[in-house]
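Number of protein chains: 2
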Amino acid sequence: MRLKVRDIDISSGGPLVAVMNKEDAAALDLHVMDRIKIRKNGRIETAVIDIAQSSKIVPKGKLGVFEEVISSLKLKNNDAVEISIARKPLSLDYIKKKLDGRKLDKKEINQIVWDIVHNKLSAVELTYFVAACYTNVMSTDETLLLTKAMVSHGDTLKLNKYPVIDKHSIGGIPGNRTTMVVVPIMAAAGYFMPKTSSRSITSPAGTADTMEVLTNVTFPIKKMKEIVLKTNGCIVWGGSLNLAPADDKIISVERPLEIDAESQLLASIMAKKHSVSSTHILIDIPVGNNTKVKNRAGAFRLKKEFEKIGRKLRKHIRVLVTNGKQPIGNGIGPALEARDVLWLLKRDPRRPLDLEKKCLFMCSQIFAMVGIKNGHKRALEILDSGKAYLKMLQIIKAQGGKETAAEDIKIGGLSFDVLSAKKGKLVFIDNHLVSRIARIAGAPIDKGAGIYLYKHLNDKIRRGEKLFTVYAESKRELEYAKDVAKQNKVFVVR
Amino acid sequence: MRLKVRDIDISSGGPLVAVMNKEDAAALDLHVMDRIKIRKNGRIETAVIDIAQSSKIVPKGKLGVFEEVISSLKLKNNDAVEISIARKPLSLDYIKKKLDGRKLDKKEINQIVWDIVHNKLSAVELTYFVAACYTNVMSTDETLLLTKAMVSHGDTLKLNKYPVIDKHSIGGIPGNRTTMVVVPIMAAAGYFMPKTSSRSITSPAGTADTMEVLTNVTFPIKKMKEIVLKTNGCIVWGGSLNLAPADDKIISVERPLEIDAESQLLASIMAKKHSVSSTHILIDIPVGNNTKVKNRAGAFRLKKEFEKIGRKLRKHIRVLVTNGKQPIGNGIGPALEARDVLWLLKRDPRRPLDLEKKCLFMCSQIFAMVGIKNGHKRALEILDSGKAYLKMLQIIKAQGGKETAAEDIKIGGLSFDVLSAKKGKLVFIDNHLVSRIARIAGAPIDKGAGIYLYKHLNDKIRRGEKLFTVYAESKRELEYAKDVAKQNKVFVVR
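Protein chains in written order, with my numbering: chain H, 6 to 499; chain D, 6 to 499.
Bound-form chain H, shown alone (with noise of 0.2 Å):
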């Protein structure tokens, strides 16, 4: 069947989408999800159709198409292109069998990441995949063949250096930016660390977010590799590279209901970490309010998970269950945050020494693996020494910044105060309402916008002492944090 294109000036977000008309549809006996095939200049490309109810959008004789359509076969409004049956794609199979409660196999499991990468599946058919790996959960050997699926289904950094070390802090907490300190005392040790970090989604800032302040952090996988090579580390954004790109697209279902099925959860991060040839991995699950992992049964029991995937991998993998009952770090947000991080490199008074506790602990933990005895001995002098900074500094260069002094960081002009209405010990800190009230003043998108934090748990407080700061950039946001502020118990003192 001969169609006109119809530029329907819409973005699925990822499947390819194509509307017929519905006497079109009927003519070819075709429903709304079932599929076809587009042809145009000898380029074919497979597409999920919809059918349109009224013939206004797509009149008989055109085919509406998403912009992903439109991009891939590089077409214009009104060219004509040749429509024919397509077959479902065999992942459908292979995900029935797996709602059915049986086990994947290799060519299965690969088949399915095939088909999300590409975008051949609709986003009915991937929640159908996200709930039969949640409801039937996947072997360890599954597991092994989803993150090696994921991998190979993606772009790779070769290295070729050994130990490659690398680390994950599973989400939650708000600050935990251990990246920025671990990174420059592993690198200034002499060891390889190409660390990709994500952009915040529901946090106030991602360690990419917070790294920005500083320099740049969008690379392609090329120039990541020459910094790595040049300075030993590097701090990057791992969105603007294709590693293991099928899973954003799961990320992307899983949402609405906030389900981690726990194999995909496991896949994700290994594959990542596959992905840019790391031979010894830190895993660091925090439990506490609001932490992705509950309880201290659901992380050991994931901390198994890991190790046991890690091991089939042939990685060295260690990991830390770590407390996650308050915000690590004064700062929340990524100027915030950036500052706390140079202030600790730089050994100022002002430095969180929560965060510089929890960093000198993981660094001695990565010593260990490698071999090296007093771990914590010798990440704190690479810190004292001033070696960490200088690391720092040489990667941000290499990422194309510059210098910038503590001081001047851009920190949001408009600000208040929370101070406490009664003395007592702090008890508890709301991690989500400190998150929150952080991305309703701006953050991370006002890079300045935040929060800080003046006291941690179980420190005394005196009445009206101030407990934190909110910055935001503009005065509407300001508001609108302070009526959240102040309705809700963030610190709660007794």
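Incorrect hints may have been included.
[Unchecked claim] No farther apart than 27 Å at their CA atoms in a straight line, the calculated lysine-lysine pairs in the DSS-like style are these:
1) H/Lys27 <-> H/Lys112
2) D/Lys65 <-> H/Lys480
3) D/Lys101 <-> H/Lys101
It should be emphasised that the hints constitute simulated quantities derived from the structure, not laboratory data.
Following the hints, position chain D against chain H.
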């Protein structure tokens, strides 16, 4: 936040969807699949949001809206609307609960069904519900609650009569137009039978499509009641009524994986019967090739479940497991099936005896349920006396049609015969291919298109003898049907 409406001229097919500009979404900390409240002149509607990747479609300050939102809020292009953050529907927590393998209670199932009926759930969210019920099969009590919730969130037909008869045949075999024979027989015997039927989704004809060859099938519920009170029976299209409307929405996300969650199949059928206040229900489960229920063990398990739910709804229920190895009747396609039915009711020698036999058996079962012995004989008397035909005529007229002779039913003007290439016994008929060829020939949209079968299983076949004729209304469709018929083994003679 105040935004101006931009009609993006496309329908989501159900869920209320709005598209925001990236910057506007960030200002409210909104992500894809989050929800907003849209206010306009005192009306409020909640919509799921998508975020425009470019500002081409939805510039800052605009709100792109799908057709469903336009019509619900009566919006026009450039109308100013007020936007705020909306909570997620409560039912998402309950869907997650079911996905986690826990049982749902009445309140929870009610909320889910309410949200489905009112288009509050996105396709992805609805998919999680279907997947949850598929993998964590609902208990009989949950299925009962789902059935009742489906009924209560829809319209109902109240007849205040006893008994009220209903029947349902589960799909998969071509032909099988038992409703159009059973309803006039039972109505002629003095019983109320307010029958709603479906149109074809993937078959060459649904009962509603076939009945439409003879009369109207689309009525509001009030008119349906009038027809039933006047003639004892009716055969109308269920889709035009608002009976258990959650069902169609659920089915839409089941198609891609061809999932049939048993609890939903049960709830769907029983809800539709309960909605028209049926008291005595006959269920027909054909088992054979390409039938919905794949084997006898599955059919008997389903039968048990039907009986349990039926008892709990205080219905008299009888479930038949029947032979689905071949089409029932000779004509496949709306006009050809309607002609079979008229021949049968008019006692024409050309009538399909297999369909007659099955209908008489079903009537005998219904008679037995209402305490009448010799039901088979009574049904045959009603048929032979012409009373069933007269009752059908009365129903046809009450539904706005007029008498049509079987000979005057318009069959497709183009046709080709398929002859047997060899001599032997007919050992296999491919139900799926029969349906597919009839559809490709134009059924059910071209009412006259379809297939007429001359042979049934175990018939002796001479070489060169006619096996079936394919009818079409257009040349192109006839040719395409010919290709498929020639390339594949529709009938196997051995």
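So, going through the hints one by one against the coordinates:
For the given pair, H/Lys27 sits about 37 Å from H/Lys112 by alpha-carbon distance, which is inconsistent with the 27 Å threshold. A hinted pair counts as satisfied when its Cα atoms are at most 27 Å apart, and D/Lys65 with H/Lys480 qualifies at roughly 20 Å. Only pairs whose Cα atoms come within 27 Å are accepted, and D/Lys101 paired with H/Lys101 is accepted, the gap being roughly 20 Å.
Checked against the numbered hints given earlier, the structure breaks only hint 1 and satisfies all the rest.
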